[in-house]
Amino acid sequence: MGLTQQIGASSLIKAGVIDNTAARPASPFEGQVIFQKDTDQLLVWNGTAWVIPNSPAQNPQALELVTTCTVTSAGGTAATASGGVVTIGTGNTSVTVDNAFSANYDNYKIVVAGGTSSTQDALKFEIGGSTGSYYGAYLFANYTTNTPSALGMNNASSFVYAGGTNIGQVVMNLEVQSPFLAKFTYIQALSTIYQNNYGHAVCDHEVASSYTSFKIIPNSGTITGGTLRVYGYRNS
Amino acid sequence: MAISNNSTGIRTGVCTSSTRPTAPYEGQMIYETDTDLTYIWGGSAWQQVSGGTAVGNSGLVFVKQQTVGSGVSSVIVTSAFNATCDNYLIYFNAVQCSVANDSFVVQLRTGSTTSTASYYFSLIYNAYTGGINQAAQSNGSSWNNVGRGISANDACSFSFNLNAPFLSAKTTMTGTAIGSDLTGANSGYHNVASSYDQFVVSLNSGTMTGGSITVYGYRKG
Chain A
2 MGLTQQIGAS SLIKAGVIDN TAARPASPFE GQVIFQKDTD QLLVWNGTAW
52 VIPNSPAQNP QALELVTTCT VTSAGGTAAT ASGGVVTIGT GNTSVTVDNA
102 FSANYDNYKI VVAGGTSSTQ DALKFEIGGS TGSYYGAYLF ANYTTNTPSA
152 LGMNNASSFV YAGGTNIGQV VMNLEVQSPF LAKFTYIQAL STIYQNNYGH
202 AVCDHEVASS YTSFKIIPNS GTITGGTLRV YGYRNS
Chain B
3 MAISNNSTGI RTGVCTSSTR PTAPYEGQMI YETDTDLTYI WGGSAWQQVS
53 GGTAVGNSGL VFVKQQTVGS GVSSVIVTSA FNATCDNYLI YFNAVQCSVA
103 NDSFVVQLRT GSTTSTASYY FSLIYNAYTG GINQAAQSNG SSWNNVGRGI
153 SANDACSFSF NLNAPFLSAK TTMTGTAIGS DLTGANSGYH NVASSYDQFV
203 VSLNSGTMTG GSITVYGYRK G
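Protein chains in written order, with my numbering: chain A, 2 to 237; chain B, 3 to 223.
For the record, the hints were derived by calculation from the structure and aren't laboratory data.
Backbone N, C-alpha and C define an ideal beta-carbon position, used for all residues, glycine too.
Careful: at least some of the hints might be erroneous.
Stated by the list, open to error - Under 8 Å between C-beta atoms, here's a sample of chain B residues computed to sit facing chain A: (1) Leu39; (2) Tyr93; (3) Asn95.
Unchecked claim - Have a look at the derived ranges for each label pair, beta carbon to beta carbon: (4) A:Thr69 x B:Gly142: 28 to 36 Å; (5) A:Asn156 x B:Ala137: 19 to 27 Å; (6) B:Gly142 x A:Leu43: 46 to 54 Å.
Build the full structure now, drawing on both the sequences and the hints.
This is the structure we're talking about:
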């Protein structure tokens with residue numbers, strides 16, 4: 002038996018109005034329609050997922066914040082971590098981030114922004130406490146001399162040019178490939194700026210081990226404040 | 003009068019394309035389980051509800067991943083580019099080369115045709131001995147050194163970016179080469195204003211084994 006009585010426009014059929022993603026029905030039926038208030042979206046259950054009605058197939062979001070990170074630091078007051086956001090402490094000589102890499106992702110982006118530094122220098126990167134087998138180069142130009150230059154890393158003790166503490170600011174933007182796989186880890190620094198040097202640095206860590214953590218270390222002086230976030234690139 | 007149930011919803015108008023209501027009322031909404039489409043009766047015809055945009059998945063999105071075989075000389079990555087995205091980020095993870103310091107070579111492709119000309123690039127590199135060097139190519143058959151292998155028994159990883167491969171415009175490339183002999187940054191373009199939906203990766207001399215290739219796209223909206 003169906004419900005056939007027409008209901009006037011001034012009346013209300015309120016079916017499946019929910020606050021947010023967490024409140025979606027746990028056992029939906031195919032064709033069920035809900036309205037999600039936080040995104041203002043009408044959604045329909047297609048048998049496997051909630052989708053916008055008649056929308057084209059959606060590719061999944063690629064970058065996800067890694068929320069499992071924990072942190073320890075050396076020097077000054079301690080760095081903190083909450084919900085995947087690491088806040089650098091005051092006067093830190095190093096910041097170690099644990100639980101950053103896992104089987105969930107092969108590739109990662111690490112971004113440090115804001116904060117201040119006591120000196121203008123390179124910002125070094127170590128993976129899993131390993132202090133050897135870093136190979137690569139920093140390709141750059143110094144705007145005061147207007148000449149291209151390169152600094153090589155041949156079995157260095159860290160990825161020396163992973164970032165910079167320049168004009169009192171802490172800047173690091175890394176692409177990290179395969180740290181959790183038991184293979185060599187490859188790291189790109191998209192922008193390394195310090196002491197009037199502007200360039201791009203790349204490095205591989207030639208140890209075929211799996212790592213879950215990393216450390217950032219100012220080459221000299223200390224760093225204060227600013228945030229560090231780790232993002233994972235989805236594998237599927 | 004209000005009928006309300008937030009936890010289970012109300013099941014109305016779930017049918018198939020062959021079992022639509024025979025006497026619909028204006029404004030009636032149905033959902034077809036065989037087509038996954040939603041319609042509203044407009045008084046004389048079923049009108050498809052306008053499709054939404056994928057606002058929930060804007061920015062960088064996952065496109066596809068495929069594994070590399072064993073001892074293969076090349077890999078064709080199909081359905082890599084489409085109109086959804088103009089720009090792409092491509093990751094190679096843990097690919098083992100049979101020849102040390104081999105150069106990864108990339109070509110654009112559409113249908114069954116691989117473009118084999120008009121590739122230009124410049125590689126700026128350091129050879130661990132100090133100083134800066136350059137290797138350039140004009141009108142080559144491919145982009146060389148988009149990535150670079152390492153020693154023959156170790157797996158390598160690299161990534162590169164392609165701008166506008168699906169547009170009928172010249173495609174540009176940036177990549178990073180790290181080998182046991184050099185480290186460098188590569189950039190170039192393809193001097194053909196055509197649309198491509200695939201790419202081919204091969205090696206300059208040897209074969210590759212294992213690992214994966216993952217394609218991400220930057221959504222336009």
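Hint check:
1. Leu39: Cβ of leucine 39 of chain B sits 6 Å from chain A, so the hint holds.
2. Tyr93: Interface hint status for tyrosine 93 of chain B: holds (5 Å vs cutoff 8 Å).
3. Asn95: 5 Å, holds
4. A:Thr69 x B:Gly142: 28 to 36 Å: Distance hint for threonine 69 of chain A, glycine 142 of chain B is violated at roughly 45 Å.
5. A:Asn156 x B:Ala137: 19 to 27 Å: Roughly 24 Å apart at Cβ, these two residues keep to the hinted range, so it holds.
6. B:Gly142 x A:Leu43: 46 to 54 Å: 51 Å, holds
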